[in-house]
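Residue numbers (the working numbering), protein chains in the order written: chain X, 1 to 335; chain Z, 1 to 335; chain L, 1 to 376; chain W, 1 to 376.
Among the clues, some could well be false.
Computed footprint of chain L on chain X; a stretch qualifies when at least three of its residues, placed anywhere within it, have a C-beta under 8 Å from a C-beta of chain L [to be verified]: (1) 92 to 106; (2) 134 to 140; (3) 297 to 306; (4) 315 to 323.
Hints are computed from structural coordinates only; laboratory data are not their basis. Think of the CB as a built atom: it goes at the ideal place given N, C-alpha and C, for glycine as much as any other residue.
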Amino acid sequence: MAVAVTPDTKKNYLTALKEAIAEEMARNPDMICMGEDIGALGGAFGVTDGLIAQYGRERVYDMPISEAAIVGTACGLCLNGKTVMVEMQFIDFISCGFDQIVNMTATYHYRTAGEVNIPMVIRGPAGAYGGGALYHSQMNEAWFANSPGLKIICPSTPYDAKGLMKAALRDPNPVIVYEIKDLYRKREIEEVLPEEDYVVPLGKAKVVQEGDDVTIVTYGQNVYHALGAAEKLKEEGFSAEVIDIRTIVPLDEDTIVESLKKTNRLVVVNEAPRTCGFAGELLSRMTERAFEYLDAPPVRITRMDTPVPWVKPLELYVLPSVAKITEAALKVCRY
Amino acid sequence: MAVAVTPDTKKNYLTALKEAIAEEMARNPDMICMGEDIGALGGAFGVTDGLIAQYGRERVYDMPISEAAIVGTACGLCLNGKTVMVEMQFIDFISCGFDQIVNMTATYHYRTAGEVNIPMVIRGPAGAYGGGALYHSQMNEAWFANSPGLKIICPSTPYDAKGLMKAALRDPNPVIVYEIKDLYRKREIEEVLPEEDYVVPLGKAKVVQEGDDVTIVTYGQNVYHALGAAEKLKEEGFSAEVIDIRTIVPLDEDTIVESLKKTNRLVVVNEAPRTCGFAGELLSRMTERAFEYLDAPPVRITRMDTPVPWVKPLELYVLPSVAKITEAALKVCRY
Amino acid sequence: MATTTTDTAQTSPDGQSSPGNRPSDRLTPDDYRELLKQLYLARYFDVRLIKEKKRGRLRGTLYSSHNQEAILVGSLYGLEPMDWISPIHRDMPAFFLKDFRSGWDNPDRMGMTIEEVCSQVWGKATSPGRARDNWSHIGSKSKRIIHSTSMLAGTIPAAAGVVLADRLNGLNTVAVTYNGEGSTAQGVFHEAINFAAVEKLPVVTIIENNQWAYGTPTHYEYPLEDFARRADGYGIPGLVADGQDVIDVYNKVMQAVEHARSGNGPSIVECKTFRAYGHGDHDDDRAEKYRPAEEVEKGRKRDPLHVMKARMIEMGILTQEEADKHPAEGKGASEVTDADFPPEVSEYLSRGVNFAVKAPLPDETEGAMWVFKEGE
Amino acid sequence: MATTTTDTAQTSPDGQSSPGNRPSDRLTPDDYRELLKQLYLARYFDVRLIKEKKRGRLRGTLYSSHNQEAILVGSLYGLEPMDWISPIHRDMPAFFLKDFRSGWDNPDRMGMTIEEVCSQVWGKATSPGRARDNWSHIGSKSKRIIHSTSMLAGTIPAAAGVVLADRLNGLNTVAVTYNGEGSTAQGVFHEAINFAAVEKLPVVTIIENNQWAYGTPTHYEYPLEDFARRADGYGIPGLVADGQDVIDVYNKVMQAVEHARSGNGPSIVECKTFRAYGHGDHDDDRAEKYRPAEEVEKGRKRDPLHVMKARMIEMGILTQEEADKHPAEGKGASEVTDADFPPEVSEYLSRGVNFAVKAPLPDETEGAMWVFKEGE
Ligand SMILES: Cc1ncc(C[n+]2csc(CCOP(=O)(O)OP(=O)(O)O)c2C)c(N)n1
Ligand SMILES: Cc1ncc(C[n+]2csc(CCOP(=O)(O)OP(=O)(O)O)c2C)c(N)n1
Ligand SMILES: [Mg+2]
Ligand SMILES: [Mg+2]
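Extracted from the complex, chain X is given alone in its bound form (with noise of 0.2 Å):
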């Protein structure tokens, strides 16, 4: 699936996470990328394509299926002063390489004071509504927000996975990357990206379309599920201003407050199970700073607190919809 590259090509989501980790291999000899079947094969999805091809095993290794060990190793590599992107087949698979990321990756430059930092991107390919059942689908990222020393990025446009992509492999500190992989090659979304060398800092939030009546706030897949609602919303005579916070740790809570100061009205879109997801982070951090603009109160739109079933019908019923969002929204603007 060669892209032609004529300056205007637009570039699918996938394209772009590809470009920014070959770009960074580039400018940085010190950067290494580990993970299984991220060599020849170049990756489940492709995103290492052409990686051990123009750097050998030295920079690109296939590692045993071994999500410990793999964490482990990296940030053995990253003490000792490399920098390291670790492919999760899926981001699922987290979970058996956790306590190297939350115990030893996570706390590293805490216990030591700041003399040790580690420079790691993990990062893999997340999210539902695409029918890969419990283990192909989660967004797992509270487990980490809850977990001091990581930060966490999940990017909804190629511009974006570019330029975030970029910022984490520069940043000194793990960043847990969660890209959406309903959105690898989702053909809505291409767009062209700049030439030039850019990235999208950490921890800066963007309003995606502005609105008066409420603020749908959300990241991943759900930013075009809220776009989806505001459209209803606006056949109902209501505009929604609707923020893609893009980075969720750490989290940039003046553009929402700002927002709110407009809106009044707070509506939060997470695929994630609701207790203890995301959501109520954000929905808290708001309640305490921006109480006084509340004119309702304010609403979580999340998963079920369910794992994600297989069967589409199943799968859908669980998870926001453009739907359940619109619902919520309208009720959130007529309280």
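Let chain X serve as the given structure and place chains Z, L and W with the ligands on it in line with the hints.
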């Protein structure tokens, strides 16, 4: 440390737990205990003291240092009809068995449309304030609250410890028990326990102290900090209602809502890291459900988003305290 | 390193496999005929699914067991009905092959019916798990099949647990777990086998060494040629079987099973085989990116159907004519037709497919059900 | 099962240890004298801490290395300054013993100063980690000591990572990791050693087999007598050393180190020893609950100081009179006094203790610092 067994002997939190497990072992011949050093030693804190002498290796397993295999084997035992109590030597080490808990155990009932249920109790010493540093102080319940299929409890008194533990060991679902190790031998909280068998049902909060001006909701060790704050508040002329939720999943929302109808003010206290901790979840639920009753922005007092550092002044600096709760509650009361 | 398939019938570390003393010596000609039929069925199941998938009738990824069927057929044939198994992604036929000896249509059989397995593949409410999780992630408490998650090697500790429970209840069962060679790198593999060895639990770990873990060759997974050598770290038997030969698999697995059932603890049985297609069907067209064509050709050469037929001809229990009647061996999924299989095989499966196709989808509201079991 | 300490100097699996060809043959009498002094220092460090702890001057748990010092002294002596180590809870003396041969007070030494180590024990701001994590969880990027978490075996993959980075940078270093025998049951042990073996990384994994993991005896941890046999599962050398004998430890570890530095990959060296006290000081009074007194008496009999002195007397580089001058060997922490140690040893440590006692506590606000590193 034998305790004389006259009916009105006060018992500590540790003894309460010990009795609950011993009584359930006697009651349920299909119950098995697994963990590191739980045999001849009786566990690092002595919770399983005496069980091996009574039941032998057939029902009490000193396990290799293999948290994943411990949980996984326990899961297999439960799948085949047993009830298993798994001791984590410290709850912090649960990270090493993480995948087997969240992906294998928690979802088993869901995946099998109810054919299988896993009556497993995973319990261990938890909590900060004791100088245990990063890896002997954790309250990591939010990871599991965001993983559907797990119940989570955290008792704060001997009575509740025994009653909740028994309920957990009779529950057909996996339950994680956060035992507050700083309370294990705390003299001030010892109490006389009923001689007859009793359970404290999961999912029921307890109003520890009634009050009218502000509702302080918490669990674990912070119940005592909240009570301390309530004292201080009284001096300032405010009466605080203190609620110990006891069960984190499923949460007894009604008791809290009832309280808010009266006090119209909410402070949530939790020693876990702030972001995506359970305090945020609780605050969100109340904001969604009881927004109209809230006369002031609800507030969270949590650990800062840091690990738990070792040295005392640092440890206390990042954790909730009587002073911090008091200050926050006063602000809420005076809003 | 390890990329060739070897006939290792002679290399077994203990004397059990010397002629006259092998488990297979107890097999009758009828057993051989049954085994051949099961091989056909496993192959037919796979090619039929490949075709259905190509026609867009199935969702999810199909991990073909093509060319690896002898491992399932040979390992399952000697088990007792009450024994446990835990199949993994490439082992779909195991779900119905379990306890197949009790009769393909025996309603009391301790294995899944073909209707149940097909219902799972088609994602229907009649699947044992009501299609809540996908493909090979089914199982059955009553039929003694452990449900896997996707996390590789993750069922080995559960296998230890179920047989420990049986032992406590006075039941002498064995658990057979299936794992790709790549999965043996997982930490939980080590933890579970270590504990099983300490406790002498009757767990037999089969390693299906098909030379590749997705796009990764064995020399990046493990430093030695034989993955069975992992057993040496636990002082347990590590047998190597020719995974293309039902009878050799049967012999080695039965040695391990008898060792386990006699109270001597766990074993590892590595079965050398070769993955015929891509890792999953999504990978079929690009596997050549990492896997040289010559290797594929070489690896596919010893079709288990062919090996079995040759054995039977040599033993005089199959004529060349009979053998040639249904020439499925050596043919790819796109080349083979129903005529290449005995009719009872295609008919059996068709019954399952027809049932599944007509079966209802689960109702969407089931998505929210069974998170917790209600207490009594 | 494995509960006895064996002199296994002869059982090494390769020819390297035959007399005349052993690494120790390169040691001079001065080396022996230095090693003995280091043994004294390690012992003194431990007993001094035990005493300070008993007096209530220290927080946290003290995991005594009493009777196990030969492992640290012998394994560290032959390393190059740029080599990496990762000590674990029972290895506190390793932090200052690293690169001790460069001179106890050499400011350029690639090991921690005694002031730094004592500052950590006393929880002061002058600790390398500013006392943010406790006891043995210190380390130093610049001195090449990996910081452990509490999660056992968790530093082995990091050890693989640091030497891989060195190799990529053209630096031929070795990483030596320390682990209790109980910790070898962890999944990450398997994953990391498997990868190190695949990649032929220069990682030497020392197993301090002190017969107990907290309250659990070895036969519940592992099915074989020698934990070194874990190496067999990866086809790497698994050596067994007499952990009470500095010289045997030195020989076996140096064999493994030279094997690694020559590009041949990882090894495991099991050192047989015996834990003198409880698991931690909180366990001292109750260890008798699970550990029979006779076993303790037997296990403590071969004091590494005694073994070393006997060797030196036999070699004619120590007189009996000299040996008896500081009779610390065979004495418990409560029996021993400063007079049982060479004065330079107690003075050296006292310098560290005095420094630490006077050093400031970190300011409470540091609790909120260094969660993230600010970008450039
Ligand atoms: C813990 C974990 N990591 C990664 C994966 C993704 N994955 C699925 S199958 C596979 C390759 C498995 O190879 P092998 O074990 O040899 O089995 P095979 O597919 O060859 O039969 C990988 C890496 C997974 N399922 N689980
Ligand atoms: C993953 C993990 N599980 C449990 C513990 C608790 N723990 C601390 S030390 C110890 C025993 C260690 O035994 P061993 O490895 O033999 O070392 P030793 O203490 O005997 O030197 C245990 C179980 C831990 N630190 N990490
Ligand atoms: Mg394979
Ligand atoms: Mg030990």
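For each hint, the structure was consulted:
1. Taking a C-beta to C-beta cut-off of 8 Å, the stretch 92 to 106 of chain X contributes 4 residues in contact with chain L, enough for the three needed, and the coverage statement holds.
2. A stretch counts as covered by a chain when three or more of its residues have a beta carbon under 8 Å from one of that chain; for the stretch 134 to 140 of chain X and chain L the count is 3, and the coverage holds.
3. With 3 residues bearing a CB less than 8 Å from a CB of chain L, the stretch 297 to 306 of chain X meets the requirement of three and the coverage assertion stands.
4. Given a C-beta distance limit of less than 8 Å, the hint that chain L covers the stretch 315 to 323 of chain X holds, as 4 residues qualify and 3 suffice.
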